[in-house]
Every structure is written in C-alpha cells, then in structure tokens.
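Sequence lines, in order, name chains Y and R.
So for the first sequence, our numbering puts the first residue at 1; every next one is plus one.
So for the second sequence, our numbering puts the first residue at 1; every next one is plus one.
Hints may contain errors.
Claimed, not checked - Here are the simulated DSS-like cross-link-like pairs (lysine-lysine), alpha carbons at most 30 Å apart as the crow flies:
{"#": "1", "chain 1": "R", "residue 1": "K179", "chain 2": "Y", "residue 2": "K21"}
{"#": "2", "chain 1": "Y", "residue 1": "K21", "chain 2": "R", "residue 2": "K193"}
{"#": "3", "chain 1": "Y", "residue 1": "K21", "chain 2": "R", "residue 2": "K149"}
{"#": "4", "chain 1": "Y", "residue 1": "K21", "chain 2": "R", "residue 2": "K146"}
{"#": "5", "chain 1": "R", "residue 1": "K101", "chain 2": "Y", "residue 2": "K21"}
{"#": "6", "chain 1": "R", "residue 1": "K200", "chain 2": "Y", "residue 2": "K21"}
{"#": "7", "chain 1": "Y", "residue 1": "K21", "chain 2": "R", "residue 2": "K142"}
The set of hints was computed from the structure by calculation and includes no laboratory data.
Below, each chain spelled out in residue letters.
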Amino acid sequence: MKKQNDEAFLDERETLELREKLRELAVEQLPGAQEQRWAWMRLEARLLAPKDASRLFFPFLRLAGWGVVAVLALGLGASFWKNGIMERPPIIASMSPSINVVTFHAKEVNADVIWATGYDYLPASSQIR
Amino acid sequence: MNPDLSAIVQKSEEEPGDALWVKKARAGEADGWAELHRRYYVKLWSAANRIVEDESLAEDVVQESFVKAFKEMSRFRGQSKFSTWLYRITVNRSLDAARKKSRRQKWLGLFPLEDEKEDSPVREAVAPEPSLSAAELGDYRKALAKALKTLGAEQRAVVELRLIQGLSTEETAAVLRCKNGTVLSRLFYSCRKLQSLLRKTYEETK
Chain Y
1 MKKQNDEAFL DERETLELRE KLRELAVEQL PGAQEQRWAW MRLEARLLAP
51 KDASRLFFPF LRLAGWGVVA VLALGLGASF WKNGIMERPP IIASMSPSIN
101 VVTFHAKEVN ADVIWATGYD YLPASSQIR
Chain R
1 MNPDLSAIVQ KSEEEPGDAL WVKKARAGEA DGWAELHRRY YVKLWSAANR
51 IVEDESLAED VVQESFVKAF KEMSRFRGQS KFSTWLYRIT VNRSLDAARK
101 KSRRQKWLGL FPLEDEKEDS PVREAVAPEP SLSAAELGDY RKALAKALKT
151 LGAEQRAVVE LRLIQGLSTE ETAAVLRCKN GTVLSRLFYS CRKLQSLLRK
201 TYEETK
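Chain R extracted, bound-state conformation (with noise of 0.2 Å):
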C-alpha cells in the first residue's frame, strides 16, 4: 500500500495524543516510540531523503536521528513541540550528510576511475544521456526532480519543510534555526528558480 498525500503533509495541529505517546516514550515504554515512529518516520524520511537525494542515505539519517532523540529525551523539556525537536535533529543530521556527500563527490572527481577517463570507449557506452529526450521533458515530475537538484540543500529544506510538507513559516524557522524573513526569502528564491527552469524546460521542447 503506498502512503498518500496525508502522510506527509501537516495537518495544523499536532497529531492528537502526542503527549501521551512522548510521555510513554520518556517512559522508556516501546509502544510509545513505536507509536511515535508510525506517526514520524515517513515525514522525517521524506525531509531527509529531499536535502541528502539519496534514499539509503535517508534511512540511515532518520535512524540515526531517532537513536538520538532516544538518548536524548530527557533533555526534551516540551518547550518547543515534539514534532519540532525531532525534525530539527533530522534536518540537522540530513544537512550534516549533504555536505559530507558532496565534499566526497568534489574528492572523488579529482580521481576518475581509468574508465571513467574522457577518451574511453566504456565511458562512451555507459555515459548517461546528456539531456532528457522530448517525451521525457514532457514528464513533468522528471523535469521537476531534475530542477530540484539545482538548488542547495538549505533552500530543499526550506522547499521540502514549507511548501511540501506544510509547516507553518514559524515552525520551520524553529526546526532550522533561523528567522522568519530568511525562511520565506529562501522559499522565494528557490520558487522563482524552480518555475524558471521549468519555464526554459518547456520552450526547448517546442
């Protein structure tokens, strides 16, 4: 069964009975995290994989990220919402991932495999098309992954946290520790960028 629009995008109020469930889990009860993982994993999962754009890479994150708040619940005082404290160990850690992925990227481009090497017939043969054909830009979800490769991962963030999944612009400058203004000027910028490339995607195929 695939999960649904719901399962990601924020209802406006907490989940009713996160207390109770975040109560249990200080606890140290496992039908609390057990309760609060059905309630969670998808979302964190979905922010995660939107800022490191690697699902095994994701997983790992929010695993990590659950680990953490484990260990660290009794630190959780309630004064901000639980939801938000854990988005913001997740974001953390996803942002943390990114950048060591893309440092390992630049490194490992400065030392091409030997078949990796321009002149190559191998790299010829299994080198990726260098643009999607006609009927794959008419895809536009493929265009639209495509673009959101082009920004950074602060601002997929900020895509992924406001606009996809629904936080309010106060909750998602609380998980990324940041003003209101920046939130919403990230947002912009990365709106207009998107809409732009699709824009450009959709003239060169005509």
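Okay, chain Y solo, but in the shape it has when bound (with noise of 0.2 Å):
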C-alpha cells in the first residue's frame, strides 16, 4: 500500500466522515460520571494512603538479603583464588586402604601439608608409606 507522509488525506470527506463515526463509537464506550468517581476513590487510596513503618522494613530486609549474598560470593571467591578451582587441596587426595599409600597432589610445600607429614619438602605426586 501506498505509504502517505503529508495530512492531506486528513482533509478528505470520506476521512472526516469516518472521524465522526469513530467518535460516536468512542464517546458511547466511555466511563460515566460515577465510574469515574470510583475510579479516583481507589487511585486516592493508593496513592495518599500513609506510609506505615513496615513498608520502611522491607527494603533494608531486602539490602540484607543481598549483603548476605554477597558476604557468601565473597567468600567463594576468595576460597577459589586460594586454591584454585580445578586444584586438589594440597593435603589427601587419595588414599589407597590396600597398601596404605597416600598420594600427595601439592604443588608447593605448605603448612598444612608440613604438619600432616613432618616433611617439610616434598616433590610434587609423593607418596608417603
């Protein structure tokens, strides 16, 4: 269809005349008096009702709900950057029950792993019997 960008058309009798038919047709769905009353009595209620110390409450509860998160994101992370996330943890990765042989994945000495084996340099992968 031909696309119109000037008011010309607007001008047009067959457009007016379809102007007042659709102005008919809005002015007899329209809210009367009464409903319009009612209309603002609800808004008014809404909108001028006094604010109560509870709906205070809600947005700190909110904030502390979001400060837990993240305290615990926090502590996630700081968690995965000091052992990596992929990394055994230095100590016992695996322990065979057969031949009682422990098998270390540290990657560098560390106090935890000093004091589990009284060694206090240990090649990565060593075992202990």
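With the hints as a guide, dock the two chains, each given alone in a separate frame, to form the complex.
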C-alpha cells in the first residue's frame, strides 16, 4: 500500500466521515461520571495512604538479603582464588586402603602439608607410606 | 450522566491552569492529583481501551499509569507538556498489556477446553454467530467496532490519538516516540483499511 507522509488525506470527506463515526463509537464506550468517581477513590486510597513503619522495613530486609549473598560470593571467590577451582586440596588427594599409600598432589609445600607429614619438602605427587 | 464528545476531543491548547495543578501535584497535594485525574482520566481511559480492547484492563492500565506518574513526578522536568508525558506512560503500558494479552490468547488457543472441541454439542450451542445479521450489519457502529479489531495495537493507538482525540501529528509522534511520517503513514493505512472493510460490509448486505 502507498505510504503517506503528509496530512492531505485527513481533510478528505471520507476521512472526516470516518472520524465522526469513530468519535461517536468512542463516546458510547466512555465511563460515566460515577465510574470516574470510583476510579478516583481507588486511586486516592492507593496514592495517599500514609506510609507506615512496616513499609520502610522491607527495603532494609532486601538490602540485608543482598548483603548475605555478597558475603557468600566473596567468600567463595576467595576460596577459589586461594585453592584454585580445579586443583585438588593440598593435603590428601587419595588413599589406597590396601597398601596404605597416601598420594599428595600438592604443587607447593605449605604449612598444612608439613603438619600432616612432618616433611618440609615434598616433590609433587610424593608418596608416603 | 454520559460524557460527551468534549470529554475526549482535544482542545487546540492544553487546558488552562494545568501548570498550577501540576505544581500542586508535584508538592504531593491531593487536590492537585484530583484535578489532574478529573481532566485526564476519561481521555486516558479511551486511549487505553482502544489499544487493549478490554474495559476492565483499560481501567487497570490507567490506574497504574497514574500511580507511575505519581511516583515519577520528580522526574518530570516540564520539557514536554504534562499531558504528553501522561499519555506516553499510559500508551506504553497499554501496548505492553496488549502484547501480553495477545501472547496469553495464543497460548490459550493451543489448549482448548474440553467443551470447546469441534465435535462437542456444547460448542455448537454456545458458538457465536459466524457473521453479523443484515440488520446488525446495517448498524455502522458495530461494523466499525469489528473493523477496528483488525488493526494492530499501534495502529489503533494512532487512530485514537490523532483521529479520535485530535492530538496534533507532532504530539502523537511525541507520545509514541516515533517520527511524524510514521504517524501519518500508520494513520493513512489504518483509515484506508477501515474504509475498505466498511465498504465491503455494506456491499455484502445488498
């Protein structure tokens, strides 16, 4: 259909007739004065109800909730940063019950490894019997 | 008392004294909001109803629009007319509501109730007439209401604001956040479609 970018068609007789009929239809559908009063009463109750203390409480509750989430996320992040997400913990990685072999996968000696084994140097994947 | 045409058709200028009531409303005074509600409720309701095609949904949309305007009154800087700003809030909410309604109807259409299945005798008993009778078709308004339903929500918005309520092309474009050309081309297409459908309706009744 042809596009129209000027207002010329709005002055055509057919368009003016259509407009009058549309306006008559619109007016038939409009709410009356009583409905308008009720609508205002509902709105007024909603807009102008006094704020009570409980309504102030919920934003703080929401803030506290997000605070807990943030602390947990930071803690998890710090744990991953310290230990590495994919790395095994530095102490005991596996135990073989039959031959009582403990395999360490520590990449570096740290205080936990020294405490567990009594050794102050362990190459990677050392085995202690 | 039923409202007359002047309840929705725009005067060439903003109602005198809007600035005073806007100032009172901004200060949180109840009489400011009461007067603004009195001036704009019917116009906004008409626009919302045209877009969503549901009277009770239109009532909800207008209520929510006034609540939003109340909450965001501090953000209204006066760069546009207050009426334009209020219309924009209402039309945006109406278009959102119309989209949600359309999606819901599509989903509901996929899962018809037992008594809506084709072979059910209940369906035959309550099914609406496939078309209006000759007498009803002679009623121009019923035919017009039916024809309006064939337009999209945005087209109905343009018809309501520009043609029915008489906002200028510039104001309509400001409310809908589009260009003047877009308003005119949507309006042109909508008018032609309505006129063609009404012509066809009257040819079928002869």
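Hint by hint, here is what the structure shows:
no. : hint           : in the structure
1   : R:K179 x Y:K21 : holds (27 Å)
2   : Y:K21 x R:K193 : holds (15 Å)
3   : Y:K21 x R:K149 : holds (15 Å)
4   : Y:K21 x R:K146 : holds (13 Å)
5   : R:K101 x Y:K21 : holds (27 Å)
6   : R:K200 x Y:K21 : holds (17 Å)
7   : Y:K21 x R:K142 : holds (11 Å)
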